[in-house]
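Trainee: All chains, please: the whole structure from these sequences, using the hints.
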Amino acid sequence: MNPAVFEIGKFARLTVIWLSIIFGAVWAACWAVGVFAPALINASGMPTETASLASEVLRALVPVVAVAVFIPINAMFMVLCERRALALFTVRKGPNRVGPDGLLQTAADAVKLLFKEDITPHGADAVMFTAAPIIFFAPSIIGVLPLLAAASGNHELFRSVNLPTGIFYVLAIASIPVVGIVMGGWASNNKYSLVGALRSAAQAISYEIPLVLSIVAVCLMAGTLDVVKIADQQKDSLLSWNIFGGGALLPYVNLVVAGLQGNNEQVQAIMQHFQAQPLGPFAAVLMVVCCIIFFGIYITGACAEVNRIPFDLPEAESELVSGYNTEYSGIKFAIFFLAEFTNLFVVCSIASIMFLGGGHAPLPGLEQGFTEMLGGILKQLPGSKEIFSPGWLINSLVNPSTVSQAFWIILKTYSLVIFAILIRATLPRFRIDQLMAFGWKRLIPLSLILLIALTYLRELV
Amino acid sequence: MFGLVGRAVESLYYVCVGLWTVAKHTGRAPITKEFPDTMPDLPGAFRGRLALAVNPETSEHLCISCRQCERVCPDKCIDITAHKSPETGKLELIDFKIDHGLCMFCGLCTEVCPTTCIINTNDFEMSDYSREALIYDLKKLTLTQDESAHYFSKKYLPIPKPKPKPAPKPAAAAAKPADGVAAPAKPAPPAAKPAEGAAAAKSAPAATDKPAGDAAATKPTAEKKADDSKDSEKEKAAPEPSAAEGKAEPDKTEG
Amino acid sequence: MSEEKATDKPAQESLSAGPFGQFLLEHGIPSTRLADSCGVETIELEEKHLEGAMKRFRNSAEVALDLLIAVSGVDSPETFDSVYHLWSYSNSNELVVKVRVPKSSVAAGQLPTVTSLTPFWSAANWHERESYDLVGIRYVGHPYLRRILNPWDWEGHPLRRDYKQVVDALNDKNPHSFR
Amino acid sequence: MAPEKIEALTSTRLKTDEMIINMGPQHPATHGVLRLLLTLDGEFVKHVEPVVGHLHRAQEWQGQNRTWFQYQALIDRVDYLSGMFTSWAMARAAEKVDGCQVPLRGEYMRVIVSEMNRITSHLLWLGTYGIDLGAMFGFPFYPFREREKLLDLLEAISGQRMMFNYIRIGGVQSEAPPGWFAKVSEFVKEFPDRVDEYEAILTNNPIFIKRTKGVGILKKQLALDYGVTGPSLRASGVPLDLRKTKPYSVYDRLKFEVPIHEGDGDTFDRYVLRVKEMRESNEILRQCLEQIPGGTADELRERRKACNSCGKADCSNCGGDLMIMAKKQNAGLRIKAGEGFDAIESPRGILGCYIISTGGDTAYRFKWRNPSFCNLAALPDLLIDHPIADIMAIFGSIDVILPDVDR
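Protein chains in written order, with the numbering used here: chain A, 242 to 702; chain B, 71 to 325; chain C, 7 to 185; chain D, 225 to 631.
If you are wondering where the hints come from, they were derived from the structure by calculation, not from laboratory data.
Mixed in with the good hints, there may be bad ones.
Unchecked claim - Simulated DEER-style distance windows between Cβ atoms:
1. A:Lys-353 with C:Arg-167: 52 to 62 Å
2. B:Glu-157 with D:Gly-403: 47 to 57 Å
3. A:Leu-604 with B:Phe-194: 54 to 64 Å
4. B:Met-196 with A:Pro-244: 41 to 51 Å
5. D:Asp-605 with A:Asp-359: 41 to 51 Å
6. C:Lys-61 with D:Lys-407: 36 to 46 Å
Everything numeric in this text was worked out from a predicted model, so none of it was measured.
All C-beta atoms in this analysis are idealised placements derived from N, C-alpha and C, irrespective of residue type, glycine included.
Mentor: Structure (structure tokens):
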């Protein structure tokens, strides 16, 4: 067999194994806290009021448990995934020694980092120095919460974190980490760190604007800030995804389909609709173009936001040694590292929820078919009503619609992550003044113009 | 305005070309060699650890103690001990030490060696726990007959002819002078090292007094004299008679 | 190649000035012709003429010796030499210029002095610093005559024949060194 | 960067304190152990003082205290990325003083191995330049992959990957092993495609262009003043390449172009020029493989079966042009008395060697003229008024190798 295919196969295997571990573990933890434990309490014969209170408390804990389990394992996997993917792009093999196929490489790295000496440099502001990684890391945990609801298809356990202004909340939280960077850079008592931190502040402020504007455009089309609703609006098919104009093209495709099927009535009905809005087709195409460009802007801004190449100036290795985290070692460095990858995951999942239809399949029948099939199998199970019977266990563990949604959102998010890795493998780094010029002179005007255009076009379609 | 858009599109196009070029590499076989599992295929000329070859056919030691390598070594990492055999009047090798911690693997010694005795092997895994362990002595340096044959064929070296006079092997030759024949006016030992003269004067009586060929008896004196303590340790660790004889040797020679 | 010439030359009487010597004479600068170094004309200049001669070599259109390849300090048996290898960007002219400071004229504890060429060639800057560092020739007029390869607080000039090597404590204690 | 831009960015109204930063000697991007004492105003460089010598190994002193034969093994370390060239420069200078004529096959072998070495050097530069500019995770591996192939070939012929000790006074050390020439020609065939790939990633990349165009302009006059040589000089438009202007060895028998870039001499030009040079070197390799007297080593071995590899100088199969070594290599190698200077075109510029011999087995004075040393002297003038990020772009583009500077 071709060794290259073999390597790709190994990479795929590794990804599947890790992802099933991650999401299996997360779901198992959530289920244990949110379903199994309340059931146990109810069955234990406690007074009803106490029991319901206790279950309520446990249910409220579920999102927290989910995030706490999910973030460290996920970051570990992402580091490994990044290294293996980079190895694939550069005709190497990547880490392949620790565990089968190098599966446990990052786990070993994490353990190593935990045991390393935690150094606070001479002259550093110890409190700030310690607080910086925490402040850098905390937002990525808090920020994930509303996304959980959208990612799980508004599963009842996660309904509590579904804020009506979800995306607004996520964006607000996402701008906090820069404070951590500046603190870390300043407290390190190192000129390179300081320069890196200041660069980071400048960069984060400038690139947040196009990032937010592109999200605003999506909210404008959706008419809501609720991530679950935004995701649900895109459920029909590929064409209703926000990246393709949020359904702007649907009537035309329907027209073509109807034409091909020879369904004259439908064709007539659609044509009548068009006559009311003669500029419709033109506007729809323009709108799709606008949305695709917005997606590009979002990806660019997101790369800058999470300090990825080509925008990794705060830690530009060839210039600033390692930028703001030059002086960090051991667990503090590990937290920076963890947060960086979690941030990448967060921005990628925002992109897949906002632009790529969230947990919905690209083709209309796919999701429904899968759900029905799985639901059918589950219904066959005997004794699914009695508590603690195997049927009950499986039924409460496996929710067909959640499984399907989780699968698609994972696929979309990690595709974006791998795209980010591809970018990292290819592009050189901007210079700070070019970065600022690009942000302020190109991206911000472009996104403003497009936003106005989109507002107008939306009326025409 | 259009220029700007054009440039943006062009830039995007070239970025995509770059991304595609990188992505294309996914389909190529990796060039990584998993080192300890698959050893690198080293060429014959590779300059690895130094070793002394024996004649692949007759297994006689090829070194003629000419000290060419010792002379040419830029790092002075080779140390040869040899004496002139009283019987044949030829130089005989007693010990050959190479300090691989000093060696820079330039291969000059292998070039000047008239008998292609000292060769660079393909071995490069020499890591050890102490610097002293990197000093290889004659025993550690000498290759087996099979290994010698392997390197001779790999390096395309002509198989050397056996030495003209079937001289006894160093160990056998070593035993000879100890048979009490030491008396016949020992010609001044190969005066390569000035220090040897002094040592010779000191040890002369001891050498003549010793019962011939009694390895056990010569051993204590040898140990006492050995200025290099670790060497004697090595000898103690290897109590086989040939080693003891080898040790008795310099003692005799210098006497 | 000019190997033959190179080996023969030292035997010849080298008094007749070569083309570059002639060129200098035309400008009123005396020079002594030395044995050619491998077929390349080698002249000796007195230190006071160095500046003028170099200026003319560099600026004259037909000679155009405008590439200062190297400045080497040499601790010869009798003299301290500062050797300049001049090439040309535009033609194949080559010239070796030597300024020799007799050791007898250097007071004890003093360094031999030669005029610096840094004002004409920025290239001479680091070469002269190196020559100062290793051979101990002081270049007068150099803007920043400081040790370049050795540490700033190094003592002595290592490429001098009478330089005593500082005993390296590390190598001295080296347990496995045979010598 | 244009001066007015800098003016705008560093307007006096925003005057701040100057900051002194030590870049190096331990910095991930200073290609070794260069220390730059930077005086910064914000992110802009106001004054630079390069401090070199951290890697000083007294190569000249060793040349004067080792025999000629011994010192040949050490000089690869002067410039470890192009060991063949340092060996060659020393060998040529010694041959000039000694008056020994290298046989034609030996000269061809020298050109082949050193052009291979030039490609490896440029490839390493290309990879590390990618790192300097921040493309540090994917791109650098591609040039290194090809470099690895070449190093394997050089290892097969000389015994080691970088410390070759292959070119000797009087010729080259050994004949190529069987199958070597075939492998080289295989490489020569595939290499242009690989260069195309590098160019696809970098040359037109908008970020790369932005980072390099107009940055670190080395004006022609400045380059001439500083004695800058090699690709950096040619990128400024001066056609000085010893292979063409003073053809040595067999370069006058080979058809090749010396790429000259008629640009401003900015970092991008230097990049373009080096990539072109790699292609030219590949072309030279191809021609050498065709022209080499006696053909490949395998053919020659077949021929020599007739005379049983007698090795006599008058043998039609072993002697004359087909020899590779004209001087006996042994510990007592001596060079006739005299002095001489010879230079060759190394990947970094004119690499010269000045030898004074008194006829003994050691040199009286040994002096290297290292291209990196001279090129680095021009660095401070290039860096002034550039931001920190450009320091590495400029420093990387003049391709300085620190052991070559420090000796």
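Trainee: Could you see if the CB distance from Met-196 (chain B) to Pro-244 (chain A) stays within 41 to 51 Å?
Mentor: Distance hint for Met-196 (chain B), Pro-244 (chain A) is violated at roughly 31 Å.
Trainee: 41 to 51 Å was suggested as the range; check whether the CB atoms of Asp-605 (chain D) and Asp-359 (chain A) agree with it.
Mentor: For Asp-359 (chain A) against Asp-605 (chain D), whose Cβ atoms are near 44 Å apart, the range 41 to 51 Å holds.
Trainee: Please check whether Leu-604 (chain A) and Phe-194 (chain B) have a Cβ separation lying inside 54 to 64 Å.
Mentor: 57 Å Cβ-Cβ, so the 54 to 64 Å window holds.
Trainee: State, for the Cβ atoms of Lys-61 (chain C) and Lys-407 (chain D), whether the hinted interval 36 to 46 Å holds or is violated.
Mentor: Given range 36 to 46 Å: violated, Cβ gap about 54 Å.
Trainee: Using the beta carbons of Glu-157 (chain B) and Gly-403 (chain D), state whether their distance is inside 47 to 57 Å or not.
Mentor: Given about 48 Å between the Cβ atoms, the range holds.
Trainee: Confirm or reject the claim that Lys-353 (chain A) and Arg-167 (chain C) have a C-beta distance inside 52 to 62 Å.
Mentor: holds (54 Å)
Going down the numbered hints, you'll see the structure goes against 4, 6, while the others check out.
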